[in-house]
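Take the sequence shown: its position 20, counting from 1, is numbered 243 in this note's numbering, and each next residue is one higher.
Simulated from the structure, these hints should not be mistaken for laboratory data. Given the structure is predicted, the values throughout are model-derived calculations rather than measurements. Check each hint, because a few of them may be wrong.
[Claimed, not checked] Straight-line Cα separation of at most 30 Å, DSBU-like style, residue types lysine-lysine; simulated pairs:
#1 K260 / K292
#2 K264 / K391
#3 K391 / K292
#4 K292 / K264
#5 K391 / K269
#6 K391 / K297
[What the hints assert, rightly or not] Derived CB-CB ranges, DEER-like:
#7 F265 / P416: 16 to 24 Å
#8 D308 / A261: 17 to 25 Å
#9 M276 / D354: 32 to 40 Å
#10 T295 / A261: 31 to 39 Å
#11 S312 / D354: 54 to 62 Å
#12 M276 / G369: 31 to 39 Å
#13 A263 / N315: 36 to 44 Å
#14 M276 / K297: 15 to 23 Å
#15 K260 / G338: 36 to 44 Å
#16 S283 / S430: 37 to 45 Å
#17 M279 / G338: 34 to 42 Å
#18 S286 / T429: 23 to 31 Å
#19 K260 / G339: 28 to 36 Å
C-beta: ideal position from N, C-alpha, C; glycine also.
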Amino acid sequence: MKNLYKNEQSGRSMVEMLGVLAIIGVLSIGGIAGYSKAMAKFRVNKTLDQISMLVMNIRSLYSANINYKGLTDKIAIQMGIIPRDMLPSGTNESTASSIINAYQGEVRIGSSNIGGTDRSFFIVYSGLTRDACVAIATADWGSQAGSGLQSIQIKAATAGTNKAATLKSASGIPCTTNTSAAGTGCHPIDSLPVILSEAAAECSNTSDSGNEVRWDYY
């Protein structure tokens, strides 16, 4: 009887232990999922803050100029208007030659030609996941004239070039009318904010985070 009782106790202990392990496993999976969602939201919010800061810093740097002629990534870095956490690890304003975002994609800055040669400037964020691209593109960037925002462009880059920005030319995609339906991802001021369905269709690279967003500002 004593041995039988011990065997029953051992059996129950094993079942209880398996139950505890199963619960721990479920909680761990839930915790990982929750952490991933929290990190995704953090990176989106960080990007929104970075863009707002870059716009403010660029305008401040060129406040005494009639246009943004000469604005480049290198000038922005050297003049100290790029947050330190957007420079590659181990570099500073003197040694950095590139700018990165929270997704480790390329950031490009330069003058653009909306309203006249060098009369506006652009910021491009590349290397975005599809979810990040949609969330960032559909954020409220300000559609009023006072915001200075002139257009938002969205593009899904070719697989394998996910970290490199392609919407970086001065003129970019001509953005005078909403041509989202044509697949160009062009959203001028009169069609902002970008609606969710358009952003979801345009942030179409799901293979290697190869999505990018461009903002043009006065």
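Okay, the hints, checked on the actual structure:
| no. | hint | result |
| --- | --- | --- |
| 1 | K260 / K292 | 41 Å, violated |
| 2 | K264 / K391 | 26 Å, holds |
| 3 | K391 / K292 | 15 Å, holds |
| 4 | K292 / K264 | 35 Å, violated |
| 5 | K391 / K269 | 22 Å, holds |
| 6 | K391 / K297 | 14 Å, holds |
| 7 | F265 / P416: 16 to 24 Å | 22 Å, holds |
| 8 | D308 / A261: 17 to 25 Å | 19 Å, holds |
| 9 | M276 / D354: 32 to 40 Å | 23 Å, violated |
| 10 | T295 / A261: 31 to 39 Å | 35 Å, holds |
| 11 | S312 / D354: 54 to 62 Å | 25 Å, violated |
| 12 | M276 / G369: 31 to 39 Å | 18 Å, violated |
| 13 | A263 / N315: 36 to 44 Å | 29 Å, violated |
| 14 | M276 / K297: 15 to 23 Å | 19 Å, holds |
| 15 | K260 / G338: 36 to 44 Å | 40 Å, holds |
| 16 | S283 / S430: 37 to 45 Å | 39 Å, holds |
| 17 | M279 / G338: 34 to 42 Å | 20 Å, violated |
| 18 | S286 / T429: 23 to 31 Å | 41 Å, violated |
| 19 | K260 / G339: 28 to 36 Å | 44 Å, violated |
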